[in-house]
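Those protein sequences? They're chains X and U, same order as listed. Using the working numbering, the first residue of the first sequence is number 1, and each one after it goes up by one. Using the working numbering, the first residue of the second sequence is number 1, and each one after it goes up by one.
No lab work stands behind these hints: they were computed from the structure. Please note: incorrect hints may appear among the correct ones.
With a straight-line Cα cutoff of 20 Å, these simulated EDC-like cross-link-like pairs (lysine to aspartate or glutamate) come out [stated by the list, open to error]:
1) X:K206 x X:D180
2) X:K205 x U:D133
3) U:K202 x X:D190
4) U:K206 x X:E187
5) X:K29 x U:E187
6) X:K206 x U:D190
7) U:K205 x X:D190
8) X:K202 x U:E123
9) U:K205 x X:D180
10) X:K202 x U:D180
11) X:K202 x X:D133
12) X:K29 x U:D26
13) X:K205 x U:D180
14) U:K29 x X:D26
15) U:K29 x X:D190
16) X:K137 x U:D121
17) X:K29 x U:E123
18) U:K29 x X:D180
19) U:K137 x X:E154
20) X:K137 x X:E154
Please read these numbers as outputs of a predicted model, since none were measured by experiment.
2 protein chains.
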Amino acid sequence: MARRKPNPVERRRELCDAAIALLAVDGAKGLSHLKVDRKAGVADGTTSFYFRTRSALLRGVAERLAELDLANLQSVADSAGADGERSSPSQLSVMVIQSGVEPRLSLTKARYELTMQATRDPELAAILRQSTDAFTKLHRDILVRLMPHGADLEPAVVEDLSNVTLTFINGLLLRFAHGDRIISSPEQLDDILAAIAVGVLKSSKKGRLTHATSERVLSERSLQE
Amino acid sequence: MARRKPNPVERRRELCDAAIALLAVDGAKGLSHLKVDRKAGVADGTTSFYFRTRSALLRGVAERLAELDLANLQSVADSAGADGERSSPSQLSVMVIQSGVEPRLSLTKARYELTMQATRDPELAAILRQSTDAFTKLHRDILVRLMPHGADLEPAVVEDLSNVTLTFINGLLLRFAHGDRIISSPEQLDDILAAIAVGVLKSSKKGRLTHATSERVLSERSLQE
């Protein structure tokens, strides 16, 4: 009996997952359509059929990563609970620490490979930016729910806090991708994030710590013109 | 009259600087011995003569980057002054913000390309680790000099503060490398670093926030055995 042929959506997802595994181990340099075919165990030429160019394949991978990341963060947001209940360690810290060990470490590594590629591929950069924006928005919602009196915080303060926290998490994930585990438990991360929050909230009375998203978009435009 | 032939040390430096420029624009994928020859304006084959393999070239670039970074940070350390005088903005923040604009932005981008390569090249990883360790040590000295009563801080607290701060700076430089300028002035960075320090010092009474370097080395070894 013939194996059921997967539908195109499933097939694309399967190929992107194989490409993520390749990116994590061999880097962007080691990625080719044929290697994805072999890794996914499909007929030679399948990946080329679904993704005509290398750039199309990378965009497919970026969309798949965004889908996985956002689903993961959404479950954190859901567990952060509208009832204001706070768990310790926070689900956000659990998620970040899990990104430093397999199976999620491969996603972390693949994401950095893609972001390096994106500096030379504006379409890929646009997809990554879209997913970063969605991720940032969801992260702000989680912050507001997790912080004591979060709902009373000024939007500018939430934006500063989110910018500083996400920049720290970015640096942490990069260290994880390179095998440098400066922390290993969600409880440690909770303590660090709480420490950062204390400092940022204290100094937020003096004015903005980071640029608002809108200002950053404007200044980028003015650089391009 | 023939142009003076540079000595081997100067020549290697010249070739590495050309390789850094290529890495920044085209990424690791766009790097080849021949392209370095052309970029440096030397005879075809020169780079292959000085760096026999691709790995040797990348190691040469890593050493050159470490040399430039450490010289830069050393000048910050020197200006931090034994007399306890503190400037505002701090030279450390000035240095980090400068890493987000050319000509230093190219070094920042090249460094991330190398760190991605290092996940697949243990010799390259060892060189990068060595320079990170030297950088971290120097950064701790600067922290101790810049912090009020820095000399009285427990070594464990200085290590936590340095780990958290450098992880944040790492994340910031990565955002800079991708054109995301969440901050643009050394004064803003000073405020953020001060905010992080306030939080970390406050929570340091509870215990360690990050793993000590020695513990990290031990846990890495146990992973490898």
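- [ ] Tell me, in ascending order, the numbers of any earlier hints that this structure violates.
- [x] 1, 2, 5, 8, 9, 10, 11, 13, 15, 16, 18 and 19
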